[in-house]
Structures are given as C-alpha cells and as structure tokens.
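Enquirer: Sequence:
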Amino acid sequence: MYPVTLMKINHCPIKVNMIDKTDYIKNTQKAVNDGMETFLNLGNSAIDNSFSIYEQGIAARDTNIAEARKQFEELESNLTQKWENQKEQFKSTALKLSETYWPESKQLMEQAEKLYQDSYDVFNKNRKMLESNIDSSVKSNLNIEKKSVAQLRKNFVRGSENARKQFDSLVSQAV
Numbered sequence: 001m002y003p004v005t006l007m008k009i010n011h012c013p014i015k016v017n018m019i020d021k022t023d024y025i026k027n028t029q030k031a032v033n034d035g036m037e038t039f040l041n042l043g044n045s046a047i048d049n050s051f052s053i054y055e056q057g058i059a060a061r062d063t064n065i066a067e068a069r070k071q072f073e074e075l076e077s078n079l080t081q082k083w084e085n086q087k088e089q090f091k092s093t094a095l096k097l098s099e100t101y102w103p104e105s106k107q108l109m110e111q112a113e114k115l116y117q118d119s120y121d122v123f124n125k126n127r128k129m130l131e132s133n134i135d136s137s138v139k140s141n142l143n144i145e146k147k148s149v150a151q152l153r154k155n156f157v158r159g160s161e162n163a164r165k166q167f168d169s170l171v172s173q174a175v
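With the numbering used here applied, the sequence shown covers 1 to 175.
Hints were generated in silico from the structure; no laboratory data involved.
Small disclaimer: the values here were computed from a predicted structure and weren't measured.
Glycine included, C-beta positions come from ideal geometry on N, C-alpha and C.
Some clues are possibly wrong.
As the list claims (entries may be wrong) - Have a look at the derived ranges for each label pair, beta carbon to beta carbon:
1. Leu-170 x Asp-62: 42 to 50 Å
2. Glu-161 x Ala-59: 21 to 29 Å
3. Glu-161 x Ser-52: 14 to 22 Å
4. Arg-69 x Ser-98: 39 to 47 Å
5. Tyr-24 x Ala-163: 39 to 47 Å
6. Ser-105 x Glu-131: 50 to 58 Å
7. Asn-78 x Ala-163: 51 to 59 Å
8. Lys-165 x Ala-59: 29 to 37 Å
9. Ser-148 x Ala-68: 17 to 25 Å
10. Ala-60 x Lys-128: 21 to 29 Å
11. Phe-90 x Met-129: 28 to 36 Å
The task is simple: from the sequences and hints, build the whole structure.
Expert: See the structure below:
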C-alpha cells in the first residue's frame, strides 16, 4: 500500500490587500508621464547648453584670431621700425665711407637701395595679400561653422519639439 500523508488545512482566511487596479494604472501612467516630461526637459536643456558652449567657442576663436592678428601687427611694426633704424645707421656710415674712398659709389648705393626698396615693397604687398586671404578664409570658415551650428541646433530643437508633440498626443490618447 501507499503511504498516506495528511495535509493540514488552515481554516483561517488570510487577508490579502488588493490594490485597486485603476489606481495602479493611474499611478503608473503618472510616473511614466513625469519621467517622460523630465526626459524631454533634460533633452531641451542639453541641446541649449551644448550649442551655447559650442557657439561661445566659435566666438572665442574669432576674438582670439583678431587678438593674435593685432599682436602680430604690433610685433611686426616694432621689428620694422628697428630694422629701419639699423638700415639708416648702416646706410649713413656706408655712404660716408664710400664717398671718402670712392666718390661715384653714392649713385650706385642709391640705385641698390632703390632696387632693394622696390623688392621689399613687392614682398610687403604679397605678404599683405596673403594675410588678407588667410583672414578672409578663416572668417569664411567661422561663418560657415556658425551657420552649420545654427542649422544643427534648429534641427535638434525641431526633433525635440516633435518628440514633445508625439508624447503629448500619446498622453491625450491615453486619457
């Protein structure tokens, strides 16, 4: 024969706290809505902060380029002035010596100086043209970058607004 096991049955009913299903659904929906609201707000905030920092960086680069150009021009002006002073001292000394020992040399020195000055003027003109091209290229690139960042920001904001509309639409359908 088979062994028989007796089960003890508890006749005391156990009280189970039942959560009202509608309250549970409402609370869950509210938590989801609040979470999504927070997520959307954080997304908008992140977009604003990120692009503001990026735009500040572009503005800082623009300012730094202008400041660097100004410092370079001051340095160049100082060096040119010193060079001119040294050139004049050398020329004066060379002319005195050459006039003393070789009277025709004054005319040759003047021709050489004119040739040198013409070459220097051509070099200066080319340098200024190159600087101008570099400056306009940098400004153009910064302007393109500014426009690209503005468009990118607009696209991100539009995407965020669309997400908000979809969320609001889903919430209104759920109610």
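Enquirer: If a hint holds in the structure, say so; if it does not, say that too.
Expert: Checked hints:
A beta carbon spacing of about 44 Å between Leu-170 and Asp-62 agrees with the range 42 to 50 Å that was offered as a hint. Glu-161 and Ala-59 have their C-beta atoms about 26 Å apart, which keeps the hinted 21 to 29 Å range intact. Between Glu-161 and Ser-52 the CB atoms are about 18 Å apart, so this pair conforms to the stated range of 14 to 22 Å. Restraint check, Arg-69 to Ser-98: a C-beta distance of roughly 41 Å satisfies the suggested window 39 to 47 Å.
The beta-carbon spacing between Tyr-24 and Ala-163, approximately 27 Å, falls outside the hinted interval of 39 to 47 Å. Between Ser-105 and Glu-131 the C-beta distance comes to about 37 Å, which lies outside the given range of 50 to 58 Å. Asn-78 and Ala-163 have their C-beta atoms about 58 Å apart, which keeps the hinted 51 to 59 Å range intact. Range check, Lys-165 to Ala-59: about 33 Å between beta-carbon atoms, so the 29 to 37 Å window is met.
At about 23 Å, the beta-carbon gap between Ser-148 and Ala-68 stays in the expected band of 17 to 25 Å. Here the CB-CB span from Ala-60 to Lys-128 is close to 26 Å, well matched to the stated 21 to 29 Å. Distance hint check for Phe-90 and Met-129: the Cβ-Cβ separation is about 29 Å, which falls inside the suggested range of 28 to 36 Å.
Hint compliance for this structure: hints 5 and 6 are not met, and every other hint is.
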